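J.: Please work from the sequences and hints to get the whole structure.
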Amino acid sequence: MIESLVERAAELLPQQGPLQTFVHHNTLHAFEDLPFHDAVVRAGALFGAEPFPSEQELHGYVEQGRITDADLLAVVVAQVPDDGVPVVPGGPTRREFHVARLRRLLDVPRGPALRWVVAEAGDLGPTWSALLAAAPRVVPTADPTPRPTDRVRAETGVDPDALVHPVLIRLTAAFLDQGVAYWPMPERDRGLLAAFRALYGKAGGPPDRFLRGLVATLRDQERWDAERTVAWALAELAVPEADWGEAILATLLSLRGWAGMVRQFEVRPDRAPVAAPPARLVDYLAVQLTLDVFALRHVLAEHPGRGPVVEVTARPDVELAYEAFVLAELMDVDPTPDPAAWLALVEDCDGLQRRRLLHAAYERRHRVGVLDGLAAHQRLSTSDASVVGFQAVFCIDEREESLRRHLEENTPAAQTFGFAGFFGVAMNYQGVHDVRPRPLCPVVVTPTHDVVERPVAPARGVLRRVRGGWSHHVGVGSRTLARGGVVSLALGAVGLTSLIGRCLFPRLAQRWSHRLDGPHPVTRLDIGYTVEEMAGIVGTVLRTTGVLAAPAPIVLLVGHGSSSMNNPHESAHDCGATGGGRGGPNARAFAAMANHPEVRAILGLPDDTWFVGSYHNTCDDSMTYFDEDLVPARFEVDLTRAKDSLAQACVLAAHERCRRFETAPPDLALADALAEAETHAVDLGQPRPEYGHATNAVCVVGRRSLTRGLYLDRRAFLVSYDPAADTDDALLTSLLQAVGPVCAGINLEYYFSYVDPARYGCGTKLPHNITGLLGVMDGHASDLRTGLPWQMVEIHEPVRLLLVVEATPARLAAILSANPVLARLVGNGWIQLVAWVPEDDAMFLFQDGTFQPHVPEMTEFPVVSRSVEVYAGERGHLGCAHVLAGVDLPVPILAAAQDAR
Amino acid sequence: MSVLVVAAAGVPLVTFLVLAVALWCGQGWRERVFSGLVVGSAALSGLLGVALAVVCVVDGPVLVSLGSWFSGFPVRLRADWLSVPMVVLCGLLGCLIGAFSQRYLHRDPGYRRFYLLLALFVAAVQLVVLAGTLDLLVVGWELAGLASALLIAFFHHRPGPVAGGLRAFITYRVSDIGLVGAVVAEHHGAGHTVIGLLLVWAVLGKSAQFPLGGWLPRAMEGPTPSSAICYGAISVSLGPYLLLRNGIGGPVVIAVGVVTALYATLVGRAQTDIKSSLAYASMTQIALVLVEVGLGWHVLALVHLLTHAVLRSGQILRSPSLLHDHHHLEQSLGTPVPDTGRHFERVLPTALRTWLYRFALERGYIDAFLVDRVLGTLVRAVNRAAAAEARWTHAIATDRQAVAR
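Sequence order for the protein chains is R and A. Under the numbering used here, the first sequence has 608 at position 608, and the numbering climbs by one with no breaks. Under the numbering used here, the second sequence has 391 at position 391, and the numbering climbs by one with no breaks.
No lab work stands behind these hints, which were simulated from the structure alone. Note that the structure is a prediction, hence the values are computed from the model and not measured. From the three backbone atoms N, C-alpha and C, an ideal C-beta is built for every residue, glycine too. Among the hints, a few may not be true.
Below, in silico cross-link-like pairs of lysine to aspartate or glutamate (DMTMM-like), each with a Cα-Cα straight-line distance of 25 Å or less [as the list claims (entries may be wrong)]: (1) R:K643 <-> R:E662; (2) R:K643 <-> R:D607; (3) R:K202 <-> A:D372; (4) R:K202 <-> R:E187; (5) R:K202 <-> A:D367; (6) R:K643 <-> R:D672; (7) R:K643 <-> R:D629; (8) R:K202 <-> A:E345; (9) R:K202 <-> R:E236.
Chain A residues, not near chain R, derived (Cβ > 10 Å throughout) [claimed, not checked]: (10) L23; (11) R76; (12) G189; (13) L197; (14) H298; (15) L317; (16) A360; (17) V382; (18) D399.
Covered stretches of chain A (chain R as the covering partner; in silico rule of three or more C-beta atoms under 8 Å from a C-beta of chain R) [claimed, not checked]: (19) 43 to 54; (20) 156 to 164; (21) 303 to 315.
T.: This is the structure:
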């Protein structure tokens, strides 16, 4: 019984694992059965969190023109029923009222402020009297509090959690610690509850007065299992058995970061960064409830309760009446003929409803802009280059959009494709310096194959190891007593040099410290796949992308990842398709497979094609190429040309990306772009190494020729898919099954961390404190903070993912009906799905259960010769534009582009 | 020469005043301008310190008399072998951390407030170290305490930082009794021992020594750079400096140092978050410095103080990169990072081991003793007295009413 209640509560805990491998997921995954709008409200009530951006922020968009009148009107028409009759004689109709109300930001005073305003105003006239008389009566109701702690807090004004939480945080952190503490917790191999009993059940225990009697209790319960202790504690706290589930949930949620981490260790011990202690959520609950019992007894003994103050008299809803009164004045309406109807109308358009509608309008403007841009681009689209010099397969990641665009813009002979960044190679990978293998594939896949990187010549690496050992000894030693004294006396000068370097010359300091690492040894991959398996993987990727039909002499596979300092969330910037890892090894393994003679024979790959794996660091925009020494001489010229093109594209992409950093000058020279990006990556003082997925908003599944030359502002996941090659929808189905949930997970995590950075996100990074090598706390003893930090999401536009698929509505409807996971995401509105038939210039948005035609609105569509003309001097989000890719124009220097503006 | 001394102390102070007035008048200077002034003034102050060092080496200590507040209270500044290195350190760290924070705090709503407090902190510390009299030192001491308490409470919309700041503030006030007491005692011609004991009392709070060190881990609620300069480096170093300046040493200082060093190193070993771990490491080293001060090894103590400040503030600045560094370390070693603390298991019997571990995990039960028992008893006694008074007045009032009827 207890077990099932804990299981149910566990579903609502944060699903974030240790920060080393950050996997983006929908923060409200547990609510996906509900429609989006209901889910955010329900979850908001449960977690005390915001469902939408604030009305103030949304109203700001109305004023800026980011939300237009057309959007407001369209949203209200779609969502507010109206019979066309004024609600009160001479007043607006329901829809007119809603539109007018959404345009107005009204600060209605509440509580004492309102009483003061009303008292000061004196007689407000007959309208006010009529509205007040007609105002509905409300009885103030206290929220039901299934958790005894909440009740005691309400009754005594003292928070028992202030006693319990510090102890619980210390214990749990020590139990889960992966190696920060010098001295690991004794007895933790027996589980949290056993360790707690062993530590706190000894005499001479903590002298805290609230823990009096704890030793005796723990000794009595020594042989009890956790479930029995939980039942005992709940009975002791006088929770009726019917409320146990609620009480358990509320108890766990009171420190949900830590509870969630215990749960993650319980269900995914394999994801522990170093070693997983035997964690069980029910153990944790037993400890928390035991402490709760003692804290509550203590608080109640110290502060004899006043008893809850419950007001039972019904009073008129003055706030509503006042809002209705102000609105009547503003809209010049006389509601006296039917004040109740006017009040009902005002109440109908309450704060939550307004935010919902405004947010829908906000999303609509973005959607219309993108869809119209996509459509308009087709009318201008230039034909593909006839001669293909090389092909590059990138991850679908929206950060690669700019690199691909610049590559094609600069090198018309280049052709790019988008495929999930693990390139079909789901493997357990161990690099030459790695201590343990790690899966490099989507989290839903459990890899069955091992790939190991081995040095060609026996590695020397003595210097490296000595240096590692030395820095370990200094790091640990400096925190101890005697060694610490010696270290600080001896290394003060070194410390000063490093401090000056890190503070004033971050890029130089990092280069120096890396120089000591030595070069990477020459290695080869030991690939544990059979030839048939390799041919299967290579064939699938090449067929889906369309490379197989006409391979170029050089085919680059570009995996990506991100390396940065001062960033506990570093792994969140890595490749989602490799489960928060770096995709370089996947690209390398894929290339090795595709170059395998037997694989080539099976797939019929021509001899004049060579595959090269590479790695793009999205933080400093550097490229690494693997196994170049294996490239046959006849490909060398082609490869060099491809590398040069990519290097140039990296500079341009870095330049485009840096415009988002306020610290970068708006007229940043092209030559300084890489240095600027690299500084962000290596600076200990830089909380914004890169903006990661912060710009994500769109996903386009279709041929690259549809988006080639379209400026998408690094906002679109681009998935290569050729409908002509997919007769039975099998390719599309498997693509959507992978792409839908992954992109939605990224998109929704950003949405929630943005709309409520304090509860869904982990707030500002500045006071973050890494604990146990697992996560971050605010300061020295807070809940474990989950979600994304504000510095990562601050420029995000909170819109749901706009998934545009090159397929007819009928085909998509069939795929949806056959796939419950997709149907749930799309049907419940967690993503916006659009069917796109470019041949007919038609788009259909999935809304209210059907595909409805999209009506274009676009009045203008910018056409430029280079991307830089679109973004030069701009910081904010930009709309689509047509870039005349391949037209022979000199690259305009930035100043000229700005003059042109 | 006296110009140098006055300027070293005055430049940061004037900067603070200018910035305070500007903020008060709602002057919205750009981030870079605002922070640039603070960084520049700290750097200038540090450079003046370097110049003073040259002067001191050539000409010997510099004493500057700036008149007196009133009779018997002269205002004097003093630059010598002890204060000049501290001036350089404070200027240097103020400049480095200031430059670092330009990136770190960029776009934070409290950016200007942070730099205002940083300017105040640097100015106050320069005043402390250059003060030639205990009276003037008190002024800087109080301002430094105020600035660091406000920096702890920087994120004042959350309760944790405010509680942490308040804890530090109260601890400082308690230990101020010692400092102010020492000033009074000095003016009344009390003996060196009495003044010494009072100053040791003042040091207990400021340098987070046993048993008043509970505020130090709580001070990690502020932004990382302010933790680095205040609690890794300068703020906690002011205690030993005070003793060095006034030539205090002897068994009491040694005892405080030894007890704290043992306590802090034990507690620090059980801390599972990096900033608390570094906080206790700081506490340990400052305690060692106190031992050196107590033994009369003044030069060693000063060198230890300076090198520790530099090393520790660097470590705190690097603490958010711990995951990155841990990964890098594993890769360099080619093996998992070796276990630590296993010798506790070999050396200590099980019962003692669990007891000691719990002692360390609970931070020596100091909170329970000090806050719950000592302070709590006081508060409860006051509350009881207040309740008794209320009952009494009520009784009298009803009595009077009865009589009146």
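J.: All the hints need checking, so say for each whether the structure fits it.
T.: Comparing the hints with the structure gives:
1. R:K643 <-> R:E662: violated (31 Å)
2. R:K643 <-> R:D607: It holds: about 21 Å lies between the C-alpha atoms, which stays within 25 Å.
3. R:K202 <-> A:D372: Roughly 21 Å between the alpha carbons, so the hint for K202 (chain R) and D372 (chain A) holds.
4. R:K202 <-> R:E187: Holds. K202 (chain R) to E187 (chain R) sits at ~13 Å (cutoff 25 Å).
5. R:K202 <-> A:D367: The hint holds at about 20 Å.
6. R:K643 <-> R:D672: With Cα atoms ~20 Å apart, K643 (chain R) and D672 (chain R) stay inside 25 Å; holds.
7. R:K643 <-> R:D629: holds (15 Å)
8. R:K202 <-> A:E345: holds (18 Å)
9. R:K202 <-> R:E236: holds (23 Å)
10. L23: Non-interface label on L23 (chain A) holds, nearest chain R Cβ at 20 Å vs cutoff 10 Å.
11. R76: holds (31 Å)
12. G189: holds (38 Å)
13. L197: holds (26 Å)
14. H298: holds (15 Å)
15. L317: Violated, since 6 Å does not exceed 10 Å.
16. A360: Per Cβ check, A360 (chain A) is inside 10 Å of chain R; nearest 7 Å; violated.
17. V382: holds (14 Å)
18. D399: Label holds. Min Cβ-Cβ 26 Å, cutoff 10 Å.
19. 43 to 54: violated (count 0)
20. 156 to 164: As far as the stretch 156 to 164 of chain A goes, the hint holds, because 4 residues have Cβ atoms under 8 Å from chain R.
21. 303 to 315: It holds: at least three residues are needed, and the stretch 303 to 315 of chain A offers 11 whose Cβ sits within less than 8 Å of chain R.
Violated hints, in rising order: 1, 15, 16 and 19; the structure is consistent with all others.
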